[in-house]
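Taken in order, these protein sequences are the chains called A and B.
Just so we're aligned: the first sequence equals residues 1 to 300 in our numbering.
Just so we're aligned: the second sequence equals residues 1001 to 1200 in our numbering.
No lab work stands behind these hints: they were computed from the structure.
Since no wrong hints were added, every one of them can be taken at face value.
Here are some, though not all, of the chain A residues that point toward chain B, as calculated from beta-carbon distances under 10 Å: (1) Ser26; (2) Ser124; (3) Pro127; (4) Phe129; (5) Asn177; (6) Ala259.
We put the CB at the ideal spot given by N, CA and C, even for glycine.
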Amino acid sequence: MTLLRRYGFALLVATAVLFPFVFYSSDMQSRKNLSAVEKVVYAFSAPVEFVFRFGTGHVKDALAAYVDLRGAKEEAKRLSEENAKLAVQLQVAGQLENENQRLRTLLDFSRQGALRFLMAQVQSADPSFLYRSIRLGRGENDGVAPGMAVVAAAGAVGMVMRTVSDASDVLLVTDPNANLDVIVARNRRRGILVGGTGNVMQFKYFDRGTRLLVGDEIVTSGLTGAFPRGIAVGRVSRIKVEEGGASQTIEVEPSVNFAEVSEALILLKPSREVEVIRKVGGLEWMKRMMEGGADKRSGG
Amino acid sequence: MARRWFSRASSFPLLAGLWGFAGPRQIHFLVTLALTFGVVYLQAYVFARSPNPWFHVDLTSILVVYVSVEHFLLGAFLRVLVAGLLMQSLSLAPSGFFPMYFIVALVSANVVSRYVVLHNLSSQFLTFAGIFLLKFVLLYVVLFKLGQNPDVWAFASASLPQFVVTTLLSVPAFSLLARLDSSFEFAATRDRRAELVENL
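Next up, chain A with everything else stripped away, as it sits in the complex:
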């Protein structure tokens, strides 16, 4: 103990000097799972975290109940009207779905595999304030694995980066480390979106000759990654052309308000057939299949 008292500070200084050297020389890529030490810490801290979450959840619910009661009657009326409109739109969409399926059958397209979802509560966010990520209350025990896509009612949320037994960390689409393969809904032109500073994303790459307008809706392409096609990502909010017109910066505002998201859907693995076609064949292969099918039917 005397030795510790005498040399303890010197030892700590040595640790403080050496630790950064070891840390910065290691491989710093985010791992798919927690390390052994982190798992032990998580296991020990989980009961404390549960108590904290239970307590703050009740406080939040009590506050929300008071706030929600105000204007509840007007809100109910507004929702009832919106529901009626949506019911009509759903019927129209149902007709379009049937027509789409008939056309796909005619063109000999394979059926897109049915998607399976898992609902999860948003628990917390990254306390480092550096990474834009959230923690969901579903993990390995529920079949969640790294790489799975996460969506909300409004659109794409992010991708599962790592999992533990009963929770998973999701990197949001607005994080600078996130890349998303997207298309412009208006003209089907393809591009890659990356997260940036603030709550916006930017186009990193897009097809040559693409013309974008402020307000254009951006959706997932479904060609790479875990997101199926057609999931809303955001809208073009600003187009800044650099001097000389050689390059431009296109900002996209996400369709999801991440501060208000309290629940999200985790997309479990799609059917293997769809996954193989998407990953192995891609768009060009599907085009060739379509052209080959059309030739067969015309007798050419």
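Since the structure of chain A is provided, determine the placement of chain B on it from the hints.
Chain B only, in chain A's frame:
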């Protein structure tokens, strides 16, 4: 009133007896450990969920600096390590970043407190500002090492609100933590440390 409650609670023999083995020293350690947990979860569950960067108060760093300055080295090291490991398990930051940063902060705060009187407001303010600046430097190097090559000015302007609000709140938070500590019969403040060493 709170102070009286704390000092009564921590010195009441029956309470210590009910805990089985905990004396005032152990109770103080457990309470500060519980405070560490509470601060980390408050940061993750409340502050980090806010989209407004002016709400991104790094309470954990403030607590780490306070603990580093006002407690015995071994106890401070244990608390700081727990805080670092907790933050690491909740964050996507590269494995080892938070323990590293907190240990560097512990040493830096200790070194500074040996030469600077930290019960003076301006010196507290400058010490906290220096240690938080260190955090952003370490973070910038992490981003650089990950191949992101962030623009220095963009990184600085994005981090500025967090830096300003944390530094501004550090001084009142330091006073609040000192008051909380003084409520305990056993509080390993610098004066007490000197007393204990003399009596050995």
